[in-house]
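Chemist: Here's the letter readout for the chains.
There are 2 protein chains.
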Amino acid sequence: MLKMSQNAFKTTKTQVSSADNLSTKYLLQGWYIRQELAWVFNYLPLGLKVLNNIKSIITKHLETLWAQEILMSSLGAKEKWEKTGRSGIDILFKVPTSESNNNYNFLNPTHEEIVTPLMSEFIKSYKDLPMAVFQTQTKFRNEKRAKSGILRWREFLMNDMYSFHTDQESLDEMYSKVIEVYKNIFRDLGIGNDTYLTYASGGAFSKYSHEFQTLTSLGEDIIHVDKDNKIALNNEIIEDPSVKEEFKENQFVEEKWSEVWNIFKLWTKFTDACDVNYVDKNWKKRRVYMWCYGIWVSRTMGIVAEKFLDEKWLIWPENIAPYDYYVIRIWDERIDEEAKKVIEKLENIGKTVIYDDRNIGFWQKAKDADLLGIPKRIIISEKTLAQGGIEYKSRNNDIYEILSIDNINNIK
Amino acid sequence: MLKMSQNAFKTTKTQVSSADNLSTKYLLQGWYIRQELAWVFNYLPLGLKVLNNIKSIITKHLETLWAQEILMSSLGAKEKWEKTGRSGIDILFKVPTSESNNNYNFLNPTHEEIVTPLMSEFIKSYKDLPMAVFQTQTKFRNEKRAKSGILRWREFLMNDMYSFHTDQESLDEMYSKVIEVYKNIFRDLGIGNDTYLTYASGGAFSKYSHEFQTLTSLGEDIIHVDKDNKIALNNEIIEDPSVKEEFKENQFVEEKWSEVWNIFKLWTKFTDACDVNYVDKNWKKRRVYMWCYGIWVSRTMGIVAEKFLDEKWLIWPENIAPYDYYVIRIWDERIDEEAKKVIEKLENIGKTVIYDDRNIGFWQKAKDADLLGIPKRIIISEKTLAQGGIEYKSRNNDIYEILSIDNINNIK
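Taken in order, these protein sequences are the chains called A and B. Each residue of the first sequence is one higher than the one before, starting from 0 at the first, in numbering that gives the first Met the number 0. Each residue of the second sequence is one higher than the one before, starting from 0 at the first, in numbering that gives the first Met the number 0.
Rather than coming from a laboratory, the hints here were simulated on the basis of the structure. Take these hints with a grain of salt, some might be off.
[To be verified] Stretch-level coverage of chain A by chain B, calculated; a stretch enters the list once three of its residues show a Cβ under 8 Å from a Cβ in chain B:
1. 91 to 97
2. 121 to 133
[Unchecked claim] When the alpha-carbon atoms are kept at most 20 Å apart in a straight line, the in silico SDA-like pairs for lysine to any residue are as follows:
3. B:LYS2 to B:TYR399
4. A:LYS350 to B:GLU68
5. A:LYS126 to B:ASN6
6. A:LYS411 to A:LYS382
7. A:LYS9 to B:GLU68
8. B:LYS59 to A:GLY349
9. B:LYS366 to B:TYR399
10. B:LYS12 to A:ASP127
Every residue gets a Cβ at the ideal spot worked out from N, C-alpha and C, and that includes glycine.
Bound-form chain A, shown alone (with noise of 0.2 Å):
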């Protein structure tokens, strides 16, 4: 239980920045993040609630298809990015190693340079394939232009997974396994519905390459949806002839959506670079396959944030909201009693709970509820014991019950 009045962070009345979207703005006005630099935040108590609950989920799914979490460091070896060609991306960021000479190291803004060495000691033989590392880890990235507030930051959090395979067909196979796996991720997130698989130029290494797609109005890419059968394209593809001939019989609608997972099939360009090989069953050396796969943690917190949000501000889905209950007790303190009462039987099963005993005026209290975007809303005081217990509200419905305290657990 967090009680307001032991808590020093609040909501600001007015709104205190300039975004050009609404979730920044609300995500700002409550306590979930505060800009520290230009496309650069800290998050406070809520929002880091918000991001560990979509690391959660994201690290239970990936644990089922065998991958292992591993932590990578955010410094990374010049050498190693002059290896595999890409030490002059304008996106990395420079370290210094001293004033007086002119080395210099990197912060990663992705680790496939990293991750290829590393396993290269490990993967030997066939036997040690296929085999997936994943982590949640701070990226950084020298955005020229960073836009929409949440969704292009210079540093953030980003789930990035890489898997090593014999050949094509296993590939082809860790690819179904991770699509279906993603899919359980975005329904977790409460974005499943409005989340597609999307075909989009394949860039330098296959025809198309996938990305998932979700419907938001801060979408930074024209999709063309078939809603009727889950299918989405990318702009870039659209006037390609095969891709007309092939979807031919399709309806799309052109909307903007926003990239939330990206997959890049890699092939070998890494595993060639660092020359990573293993040993066949015929005792051959062969070159080992390589994909990636990468979820933008933040980048999801702030598209969730916009999804769902209302004309009075947040709705978190319930899985990720930072806490379950926004209890609210009016006025004097012999309702504390009461209220701890159904917060302990919140508690009991599992349920988080902010307290707002506050000696401050209900509607301060019932904004505050509405902006933070708590999923459910329990309001106790003298008028509601006198009939019968509390009145409950969810938060995405104008349906006010009175519940019998012994009646919270069936809260549905």
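Based on these hints, arrange chain B on the given structure of chain A.
Modeler: What follows is chain B alone, placed relative to chain A:
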């Protein structure tokens, strides 16, 4: 359950490091850590699990203080460090913002410069105080002379807490509570008996400062220890006349210990620089007082590893071990079914298990169980089944017991 047959990570046959301490050698020989740059490490699956366990223990106890968890950014504005007069300290890594000008930010080595202005937005009245925030976050320090492998890294995890107060009395009250909470943390980490509150020199802010030091062969600090009275003095104050007088009855032994925690009585150093005030009960504006407290999380992994290792490698205390059990199947697949029954029983009571089902020699499996330091080992074979069940052995003794599979739940 982690099945070793599906795990690419392996121990190395020989020591791969010239580190000056055994724990770093063993952490490298097992699949705990790998060096990325000088004094910058990647955490492999077992190392990350140990780190996360340490982090969970710390977080659980700090929450009993009503402290709230936040996550501040790694990139920090140069101007904030200039404001407090610390922009010239030599451990600061600079991060240029572009090629074309001399602007840069810093990688924060500690977060007073960030947390003080951050909290000044929320601390307005005496009613907002005391309050405390903490984080477990990656710190970057450009240490010129990093010593003892795991002890002083350039990129490492630290738990740093910052508390804000109306006055000296409130500071002192918090201090007493924190000392008790930290003792509980060190107890749960398994180092409670050998971790003492130690008096050190106070620097600019007070006569003495305090740190927790723990006994280890990696010790960097000479500590004068009175084990009967559980009092310790840092070497730097031992010649002070008032110290000599105060502790004249105590019998001290000189030993090398390692700092795991320190506390800095910042008083108003940072709140002066950032002009952080509150309004007292009489509507008078007053300066906020501030303390900070830090536990070295990565370092704690090294210290605990060093403290408990034996001639057969690592031994983890149960609370922070990466897995609880190492289950070895001897030979054929017929045993597999019985082994899985055992593992299911263990998992049903919340235990975590490495299942060594590899088709390799027994001695290699037993060696891995010992090297990795997993607290409890179970062997299951035709022979143990014939004797009545499984063979159980704890990592920290040489008592072998045959237990029936039904009795597994009763292992102490």
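Chemist: Does each hint fit the structure? Answer for all of them.
Modeler: How the hints compare with the structure:
1. 91 to 97: Result for this restraint: holds, n = 6.
2. 121 to 133: Three-residue rule met by the segment 121 to 133 of chain A, so holds; n is 6.
3. B:LYS2 to B:TYR399: 24 Å, violated
4. A:LYS350 to B:GLU68: 18 Å, holds
5. A:LYS126 to B:ASN6: 9 Å, holds
6. A:LYS411 to A:LYS382: 23 Å, violated
7. A:LYS9 to B:GLU68: 15 Å, holds
8. B:LYS59 to A:GLY349: 16 Å, holds
9. B:LYS366 to B:TYR399: 16 Å, holds
10. B:LYS12 to A:ASP127: 17 Å, holds
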